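Enquirer: Fit chain B to the given chain A structure using the hints.
Protein sequence lines correspond, in order, to chains A and B. Those letters in the first sequence? Residues 1 to 115, by our numbering. Those letters in the second sequence? Residues 116 to 226, by our numbering.
No lab work stands behind these hints, which were simulated from the structure alone. Here the structure is a predicted model, which is why all the values come from computation and not from measurement. Misleading hints may appear alongside valid ones.
[Unchecked claim] In the SDA-like style, the derived pairs of lysine to any residue whose C-alpha atoms are separated by at most 20 Å in a straight line are:
hint : chain 1 : residue 1 : chain 2 : residue 2
1    : B       : K213      : A       : N56
2    : B       : K160      : A       : G40
3    : B       : K117      : B       : N142
4    : A       : K11       : A       : G63
5    : B       : K157      : A       : A22
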Amino acid sequence: DAEITQSPRHKITETGRQVTLACHQTWNHNNMFWYRQDLGHGLRLIHYSYGVHDTNKGEVSDGYSVSRSNTEDLPLTLESAASSQTSVYFCASSETVAASYNEQFFGPGTRLTVL
Amino acid sequence: RKEVEQDPGPFNVPEGATVAFNCTYSNSASQSFFWYRQDCRKEPKLLMSVYSSGNEDGRFTAQLNRASQYISLLIRDSKLSDSATYLCVVNKRTGGFKTIFGAGTRLFVKA
Numbered sequence: 001d002a003e004i005t006q007s008p009r010h011k012i013t014e015t016g017r018q019v020t021l022a023c024h025q026t027w028n029h030n031n032m033f034w035y036r037q038d039l040g041h042g043l044r045l046i047h048y049s050y051g052v053h054d055t056n057k058g059e060v061s062d063g064y065s066v067s068r069s070n071t072e073d074l075p076l077t078l079e080s081a082a083s084s085q086t087s088v089y090f091c092a093s094s095e096t097v098a099a100s101y102n103e104q105f106f107g108p109g110t111r112l113t114v115l
Numbered sequence: 116r117k118e119v120e121q122d123p124g125p126f127n128v129p130e131g132a133t134v135a136f137n138c139t140y141s142n143s144a145s146q147s148f149f150w151y152r153q154d155c156r157k158e159p160k161l162l163m164s165v166y167s168s169g170n171e172d173g174r175f176t177a178q179l180n181r182a183s184q185y186i187s188l189l190i191r192d193s194k195l196s197d198s199a200t201y202l203c204v205v206n207k208r209t210g211g212f213k214t215i216f217g218a219g220t221r222l223f224v225k226a
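Here chain A stands alone, though its shape is the one from the complex:
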């Protein structure tokens, strides 16, 4: 069965360190997204990609970067981790942006703590 996975599931790091969160999907979806979820804010879009070598900034992109070298993977990098980046991170993918029905399939999430 097709799926979307994230690793690690839990991560504790220190302020200033570079951290990379992995996201891998086997749906063969062109579109991939990274969100963070914090209490009271819901899901906020960090970065997204519509295909290989395409990346775009979301509403909370400062301090984060992504790259898309193949269809399956969209790693998220925190260049220099800050305590404000402590959050739960979800990766998602979807099949198309043109259709009115574009269900996003989410990975299980990565719980990141920055000390």
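Expert: Then chain B, alone, in the frame of chain A:
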């Protein structure tokens, strides 16, 4: 003001009750609408799309009112397993594609 607003709840209801959630959106360019369900410490999953004519899926009914810019979710005959957070999701196309998630409404169904 947030683009998508939901009552955070929590809604505490007994089994068998009917409960309704509303969600308002601020951008009239919004084109498609969904309800997602998120269990505690899990990922969101699509519950149902919301169509202009309204749609039903078993005990769940979704309605859209474009004039007033709100969508609703009605759950009839609540089950313990319905306890979750329900996220209102709006897609809009204004110069680009954008999906906006509401912060969610928590539901607790008790025996």
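Enquirer: Take the C-alpha atoms of K117 of chain B and N142 of chain B, compute the straight-line distance between them, and say whether it is at most 20 Å.
Expert: OK: K117 of chain B and N142 of chain B at ~10 Å, within 20 Å.
Enquirer: Given the proposed pairing of K157 of chain B with A22 of chain A, does the C-alpha separation stay at or below 20 Å?
Expert: holds, 17 Å
Enquirer: Verify the proposed pairing of K213 of chain B with N56 of chain A, using a straight-line Cα cut of 20 Å.
Expert: holds, 11 Å
Enquirer: Just to be careful, I want the Cα atoms of K11 of chain A and G63 of chain A compared with a cutoff of 20 Å; is the pair within it?
Expert: Judged against 20 Å, a Cα distance of about 17 Å means the pair holds.
Enquirer: Between the alpha carbons of K160 of chain B and G40 of chain A, is the straight-line distance 20 Å or under?
Expert: Answer holds: K160 of chain B to G40 of chain A is near 19 Å, not above 20 Å.
Comparing the model with each numbered hint stated earlier shows that all of them hold.
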